[in-house]
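Q: Go ahead and model the full structure; you've got the sequences and the hints to work with.
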Amino acid sequence: MLLPKFEFHEPGTIKEALELKKKWSSTARFLAGGTDLLVHLKKKIITTDHIISLQKIEALSQIRDNKDSVEIGACATMAKISGTPVIKEKFSALKSGVDNLGTHLIRNRATIGGNVTNASPAGDSLPALLIYKAVVLLESLDGKREIPIEEFFKGPGKTDMKVDEILTGFRLPTPPAHSGAHYIQLGKRKSSEINVVNVASFLEFDPKTKKILNTRIALGSVAATPIRALKAEALLKDKIAEEASFYKAGEIARTEDCKPIDDFRGSAAYRRAMVGVLTKRTLATAFELAGK
Amino acid sequence: MKEYDVISTRANRIDTPDKATGRAVFVDDISRPGMLYGALLQSPHAHAKIISIDTSAAEKLKGVKAVITSKDAGDIKYGVSPARYDETVFAIDKVRYVGDEIAAVAAESLDIALAAVELIKVEYEILPAVFTIEDAMKDDAPLLHEGSPKNLCAEVHQEFGNVEEGLKNSDIVITTKMKNKRQDGAFIEMQGCIAEFDNLGVLTLTSSTQVPHYVQRTVAMVLGMDVGKVRVIKPYVGAGFGIKASANPMELACCFLAKKTRKPVKMNYTRDQVFMLARARHQFSHTITTGAKKDGTLMAIKHECWLDGGAYTSFGIATVYYTGSLLGGPYKLDNMSYDGYRVYNNKPACGAQRGHGAVIARACFEQQLDMIAEKIGMDPLQLRIKNMMETGDTTCNDLNMSSFGMSECIEAVRKGSDWDKKKGHMPKGKGIGMACGFFVSGAGYPIYRSDTWHGTVIVKLTEDGGTALVYTASAEIGQGSDTAFAMIAAETLGIPLENIRLASGDTDMGVDLGAYSSRQTLMTGHATKDAAEHAKKQVLEVLAEQLKVPVESMDIRKGFIEFKGKAPDFSELRTRYIKEHRGWIDNPKSEKLTFREASRIAFLEKGSIVGTGKYKPHLLGGKFKGAAVGTSPAYGCSAQVAEVTVDMETGQVTIDKITDAHDCGKAINLTSVEGQMQGSVSMGIGETMHEEVIFDKQGRVLNHDLAEYKIVTSMDMPMVEAIVVESAEPNGPYGAKEVGEGAIMPTIPAILNAVYDAAGVRLYELPLTPERVYHAIQEYKEKNNIK
Numbered sequence: 004m005l006l007p008k009f010e011f012h013e014p015g016t017i018k019e020a021l022e023l024k025k026k027w028s029s030t031a032r033f034l035a036g037g038t039d040l041l042v043h044l045k046k047k048i049i050t051t052d053h054i055i056s057l058q059k060i061e062a063l064s065q066i067r068d069n070k071d072s073v074e075i076g077a078c079a080t081m082a083k084i085s086g087t088p089v090i091k092e093k094f095s096a097l098k099s100g101v102d103n104l105g106t107h108l109i110r111n112r113a114t115i116g117g118n119v120t121n122a123s124p125a126g127d128s129l130p131a132l133l134i135y136k137a138v139v140l141l142e143s144l145d146g147k148r149e150i151p152i153e154e155f156f157k158g159p160g161k162t163d164m165k166v167d168e169i170l171t172g173f174r175l176p177t178p179p180a181h182s183g184a185h186y187i188q189l190g191k192r193k194s195s196e197i198n199v200v201n202v203a204s205f206l207e208f209d210p211k212t213k214k215i216l217n218t219r220i221a222l223g224s225v226a227a228t229p230i231r232a233l234k235a236e237a238l239l240k241d242k243i244a245e246e247a248s249f250y251k252a253g254e255i256a257r258t259e260d261c262k263p264i265d266d267f268r269g270s271a272a273y274r275r276a277m278v279g280v281l282t283k284r285t286l287a288t289a290f291e292l293a294g295k
Numbered sequence: 011m012k013e014y015d016v017i018s019t020r021a022n023r024i025d026t027p028d029k030a031t032g033r034a035v036f037v038d039d040i041s042r043p044g045m046l047y048g049a050l051l052q053s054p055h056a057h058a059k060i061i062s063i064d065t066s067a068a069e070k071l072k073g074v075k076a077v078i079t080s081k082d083a084g085d086i087k088y089g090v091s092p093a094r095y096d097e098t099v100f101a102i103d104k105v106r107y108v109g110d111e112i113a114a115v116a117a118e119s120l121d122i123a124l125a126a127v128e129l130i131k132v133e134y135e136i137l138p139a140v141f142t143i144e145d146a147m148k149d150d151a152p153l154l155h156e157g158s159p160k161n162l163c164a165e166v167h168q169e170f171g172n173v174e175e176g177l178k179n180s181d182i183v184i185t186t187k188m189k190n191k192r193q194d195g196a197f198i199e200m201q202g203c204i205a206e207f208d209n210l211g212v213l214t215l216t217s218s219t220q221v222p223h224y225v226q227r228t229v230a231m232v233l234g235m236d237v238g239k240v241r242v243i244k245p246y247v248g249a250g251f252g253i254k255a256s257a258n259p260m261e262l263a264c265c266f267l268a269k270k271t272r273k274p275v276k277m278n279y280t281r282d283q284v285f286m287l288a289r290a291r292h293q294f295s296h297t298i299t300t301g302a303k304k305d306g307t308l309m310a311i312k313h314e315c316w317l318d319g320g321a322y323t324s325f326g327i328a329t330v331y332y333t334g335s336l337l338g339g340p341y342k343l344d345n346m347s348y349d350g351y352r353v354y355n356n357k358p359a360c361g362a363q364r365g366h367g368a369v370i371a372r373a374c375f376e377q378q379l380d381m382i383a384e385k386i387g388m389d390p391l392q393l394r395i396k397n398m399m400e401t402g403d404t405t406c407n408d409l410n411m412s413s414f415g416m417s418e419c420i421e422a423v424r425k426g427s428d429w430d431k432k433k434g435h436m437p438k439g440k441g442i443g444m445a446c447g448f449f450v451s452g453a454g455y456p457i458y459r460s461d462t463w464h465g466t467v468i469v470k471l472t473e474d475g476g477t478a479l480v481y482t483a484s485a486e487i488g489q490g491s492d493t494a495f496a497m498i499a500a501e502t503l504g505i506p507l508e509n510i511r512l513a514s515g516d517t518d519m520g521v522d523l524g525a526y527s528s529r530q531t532l533m534t535g536h537a538t539k540d541a542a543e544h545a546k547k548q549v550l551e552v553l554a555e556q557l558k559v560p561v562e563s564m565d566i567r568k569g570f571i572e573f574k575g576k577a578p579d580f581s582e583l584r585t586r587y588i589k590e591h592r593g594w595i596d597n598p599k600s601e602k603l604t605f606r607e608a609s610r611i612a613f614l615e616k617g618s619i620v621g622t623g624k625y626k627p628h629l630l631g632g633k634f635k636g637a638a639v640g641t642s643p644a645y646g647c648s649a650q651v652a653e654v655t656v657d658m659e660t661g662q663v664t665i666d667k668i669t670d671a672h673d674c675g676k677a678i679n680l681t682s683v684e685g686q687m688q689g690s691v692s693m694g695i696g697e698t699m700h701e702e703v704i705f706d707k708q709g710r711v712l713n714h715d716l717a718e719y720k721i722v723t724s725m726d727m728p729m730v731e732a733i734v735v736e737s738a739e740p741n742g743p744y745g746a747k748e749v750g751e752g753a754i755m756p757t758i759p760a761i762l763n764a765v766y767d768a769a770g771v772r773l774y775e776l777p778l779t780p781e782r783v784y785h786a787i788q789e790y791k792e793k794n795n796i797k
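These protein sequence lines map, in sequence, to chains A and B.
Start counting at 1 in the first sequence, then tack on 3, and there's your number in this note's numbering.
Start counting at 1 in the second sequence, then tack on 10, and there's your number in this note's numbering.
Hints were generated in silico from the structure; no laboratory data involved.
Certain hints may be false.
Taking lysine to any residue pairs in the SDA-like style, the calculated list, with each CA pair at most 20 angstroms apart, reads [what the hints assert, rightly or not]:
hint: 1; chain 1: A; residue 1: K46; chain 2: B; residue 2: K797
hint: 2; chain 1: B; residue 1: K797; chain 2: A; residue 2: E254
hint: 3; chain 1: B; residue 1: K70; chain 2: B; residue 2: K273
hint: 4; chain 1: A; residue 1: K193; chain 2: B; residue 2: D715
hint: 5; chain 1: A; residue 1: K45; chain 2: B; residue 2: E128
hint: 6; chain 1: A; residue 1: K46; chain 2: B; residue 2: D706
hint: 7; chain 1: A; residue 1: K47; chain 2: B; residue 2: P54
Chain B side only, calculated, beta carbon under 10 angstroms to chain A, not exhaustive [to be verified]:
hint: 8; residue: T280
hint: 9; residue: D282
hint: 10; residue: E659
hint: 11; residue: M699
hint: 12; residue: H700
hint: 13; residue: D715
hint: 14; residue: I721
All figures in this text were calculated on a predicted structure; none of them were measured in a lab.
Built from N, CA and C at the ideal position, the CB exists for glycine as well.
A: Below you can see the structure in the form of structure tokens.
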């Protein structure tokens with residue numbers, strides 16, 4: 004399979020990139036890690052006349068710890084995110100999300116911005132971004148724009164990003180004390196896999212009463228976009244953090260929150276059942292981590 | 011026990027430096043001056059009549075040098091087995107699967123060739139298509155091939171002993187079904203080739219193949235050329251697993267393009283074309299009934315199997331026979347019947363893949379052995395020991411086990427896995443299971459009916475006497491055969507391995523049937539040994555004359571001439587050698603006469619010392635129809651223990667460890683033997699756990715890449731303890747026999763038996779996706795009222 008012909012641009016700043024994008028508009032595509040884009044081009048799933056590489060723009064690959072939040076540049080690779088101390092310490096569900104994407108080789112190239120703009124319902128970093136309440140940072144020549152990640156996904160491969168915009172990164176508020184989060188993905192094999200179901204859960208509890216103060220559950224591969232399990236979350240509010248609550252939340256997520264379909268990777272029925280199991284398990288581990 | 015100097019060691023492979031440094035040359039690394047690039051037009055329809063083909067627009071495109079169709083390639087039928095030739099290079103009247111070849115283009119660049127392919131206009135009349143055995147067998151089903159009613163490609167009916175009687179006399183009778191999924195070989199190097207004609211009309215085809223010899227004969231036949239005017243060269247090859255064991259349509263199209271343009275033409279398959287060509291493991295649907303006595307004695311097997319064949323026969327006629335013939339062993343069994351059917355349909359053709367025809371039958375049968383053991387309260391390992399064949403035994407279908415270390419294999423895995431402590435004592439969700447198997451060390455007969463030698467080898471000593479050149483047409487495809495033959499040549503000549511230079515994979519070097527049916531170590535190995543002995547004899551004969559000692563009193567070891575008793579005075583020979591060697595600083599000073607001196611003297615007396623060797627098996631097998639399939643001069647056997655963890659909530663199966671013992675006769679290179687065992691286990695795990703070629707309703711492969719067709723990754727591979735069991739095979743060179751395919755036989759059933767041990771569920775369909783196991787567990791829970 005050969006790459007189709009296109010014009011290649013390699014701007015050094017965000018401004019230059021935006022100017023190029025404005026000029027070529029929908030005939031141009033941004034290239035970050037290329038692990039999705041180049042495959043899609045080779046398979047002729049998409050075509051483009053211009054490729055604007057973001058790889059020379061250093062500002063886009065930075066990860067900054069602001070203490071009350073962390074900012075992750077859109078072009079930070081999965082490997083870099085995984086190795087960053089603040090991510091390891093405070094965003095363990097995101098770490099396990101990026102650690103499970105593709106293979107070592109792919110993680111050295113693939114970027115979090117690429118994973119998000121590819122907007123696959125099965126994307127590995129997406130559920131974690133949802134439960135950590137990530138804010139999407141966008142920029143155009145007209146100025147900057149911020150929106151919550153939940154509003155960013157519009158369907159498989161579709162996002163809220165405008166044609167003249169660039170995704171510069173994400174801001175994740177630092178999780179409070181007595182909180183924990185966990186991510187589990189389920190596929191047919193242990194690496195280089197496209198998820199059948201993936202779930203991330205966040206949980207904050209009151210150590211005195213053991214009551215759950217806050218919880219966020221995100222489900223992947225069971226709807227057109229990654230979704231929050233809002234009914235399961237509502238059920239958990241003020242409940243005692245314990246196995247029985249987690250089981251019930253799993254049941255609600257399974258029966259009321261998810262809308263899976265049958266495809267050749269798995270049936271809707273199995274996906275539903277696994278939403279129940281993985282919701283329960285991610286909550287239990289999140290609770291365990293919160294207590295540490 | 012005989013002491014060896016070279017074989018039976020862990021010698022470094024001779025191809026390692028090239029492969030480790032990236033200097034190994036594969037087809038796609040090769041370029042020729044003025045080379046053109048070819049591309050194929052393949053059918054987008056599963057079944058359609060071709061009304062017309064218009065190539066005019068493609069021909070007019072700048073840079074296009076040739077566009078060919080069946081008008082150029084003709085209607086000569088080819089395939090694998092001459093009795094079942096059912097393919098033409100390009101479709102003539104109709105296409106039979108998505109991917110059937112219609113035309114080919116040669117152009118100055120691949121871009122242009124691909125653009126030209128899109129300009130070829132084909133008018134089709136779509137025909138109804140069938141994609142399953144059930145649909146293909148219906149009364150009103152469209153027929154793929156004239157003369158094959160009900161789309162039946164082949165059927166086999168055999169009975170040995172009296173199965174009805176055997177079952178009647180059984181205390182336990184178990185019937186189960188087993189079904190796998192169509193596989194892909196998933197070799198790393200996709201097929202590619204370069205065809206070129208010289209000015210004298212000689213065609214050289216450089217190709218990524220397992221079988222230069224069969225490709226040479228097929229090319230010569232289809233192009234109407236003398237075999238001697240066709241040379242097939244195999245450079246380094248990135249594996250084949252059976253799929254590259256016959257000529258493919260791209261190789262033939264490439265030769266026609268080279269003929270028409272008189273320029274070298276290169277062609278490659280993309281990964282999706284590899285899936286379209288297919289030719290890998292069939293989907294098998296088995297029903298087996300096994301009977302046994304209360305004491306565990308096996309009485310009879312009644313076996314029926316349906317093979318989902320695809321659009322052409324390919325290896326299928328051999329497959330459908332192998333499926334039956336390789337089931338009875340490695341156990342003593344007097345009564346066995348087999349009814350096998352291979353059915354055509356509008357999917358790509360299936361063919362041969364590691365463990366040809368036999369692995370799913372074994373997966374079915376070896377589970378039944380565990381069920382029988384459970385019913386009679388016997389350890390399944392003990393049941394196998396009770397029934398296993400021993401050296402010298404012959405199966406009811408006339409396969410003779412001239413060596414058979416089955417009991418040593420079972421004992422090795424029993425010890426290696428700590429079976430006695432673990433079986434029956436694993437915590438819930440964890441399980442242990444075992445299985446056995448056996449396989450041929452080379453097919454007893456060539457694919458075409460012939461008395462041909464299966465392998466010929468030439469050993470030529472260099473004029474300076476230092477080095478032996480080994481020429482073989484055999485195929486190194488990553489398994490380590492070049493190293494094995496260099497080791498055999500060195501051992502036989504009595505010289506160090508580094509004094510061997512070996513070249514292989516070129517039909518100009520002789521006849522060799524190639525790398526399939528696990529044949530090369532035994533067969534090419536024999537021919538290599540024979541050739542080396544011949545060369546050695548010539549050197550010793552010259553020495554005998556010169557030194558006036560009998561030939562029998564001399565031998566060569568580690569590069570020196572050994573004399574029985576007192577060594578004669580060879581100072582005259584040494585002086586002669588040193589005079590020849592004037593100006594050199596490495597004159598021999600050893601107390602012993604060196605091989606280098608002796609072979610230099612032999613050259614001075616006789617000219618080139620060339621040893622020739624050859625091998626073909628002795629007459630093998632019974633007299634019944636199909637008796638040839640399954641015969642072999644020797645059989646390897648193996649036992650494996652799998653340990654697994656089953657997640658009872660998600661259905662995920664984790665393989666924790668495989669303990670694998672294989673009897674390969676004498677191990678020529680221990681490391682290579684272990685490599686084949688590990689590779690077999692990995693392929694077996696892939697088939698058990700993940701692999702499945704999936705089609706859409708139009709007969710197009712949905713998962714035609716290695717992202718969606720899931721072979722095992724390093725993360726999925728468990729710890730594999732490979733235990734090499736050696737036996738003395740009288741029909742093998744230095745006692746060697748196969749390891750390449752036999753080692754895959756027990757993998758699938760060992761895992762299935764372990765999953766049963768862990769979760770209480772029997773699975774009769776592969777692969778064990780979490781979803782399939784989950785549903786089985788749910789069913790089990792409902793049936794047994796478990797929450």
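Q: Look at each hint and say if it fits the structure.
A: Status of each hint after checking the structure:
Between the alpha carbons of A/K46 and B/K797 the distance comes to roughly 47 angstroms, so the proposed pair goes past 20 angstroms and is violated. The suggested pairing of B/K797 with A/E254 holds, with an alpha-carbon distance near 15 angstroms, which does not exceed 20 angstroms. Straight-line distance between C-alpha atoms of B/K70 and B/K273 comes to about 19 angstroms, which keeps the hinted pair within the 20 angstroms bound. A hinted pair counts as satisfied when its Cα atoms are at most 20 angstroms apart, and A/K193 with B/D715 qualifies at roughly 17 angstroms.
Under the criterion of a C-alpha separation no larger than 20 angstroms, the hint pairing A/K45 with B/E128 is consistent with the structure, at around 16 angstroms. With a CA separation close to 18 angstroms, the supplied pair A/K46 and B/D706 stays within the 20 angstroms bound. Between A/K47 and B/P54 the alpha-carbon distance is near 16 angstroms, which keeps this suggested pair within the 20 angstroms criterion. Evaluation of the B/T280 hint against chain A yields a held restraint, the C-beta minimum of about 5 angstroms falling below 10 angstroms.
Given hint, B/D282 at the interface with chain A, holds; its Cβ is 8 angstroms from that chain's nearest Cβ, closer than 10 angstroms. Look at B/E659: its Cβ gets to within about 5 angstroms of chain A, closer than 10 angstroms, so that hint holds up. Against a cut-off of 10 angstroms between C-beta atoms, the interface hint on B/M699 holds, since the closest Cβ of chain A lies about 7 angstroms away. Contact between B/H700 and chain A, as hinted, is supported at the beta carbon level, the nearest pair being about 5 angstroms apart and thus within 10 angstroms.
A hinted interface residue such as B/D715 counts as satisfied when its beta carbon comes closer than 10 angstroms to some beta carbon of chain A; here the least separation is about 8 angstroms, so the hint holds. With a least beta-carbon distance of about 9 angstroms to chain A, the hint placing B/I721 at the interface is held under the 10 angstroms criterion.
Violation of the numbered hints given earlier is confined to hint 1; every other hint is satisfied by the structure.
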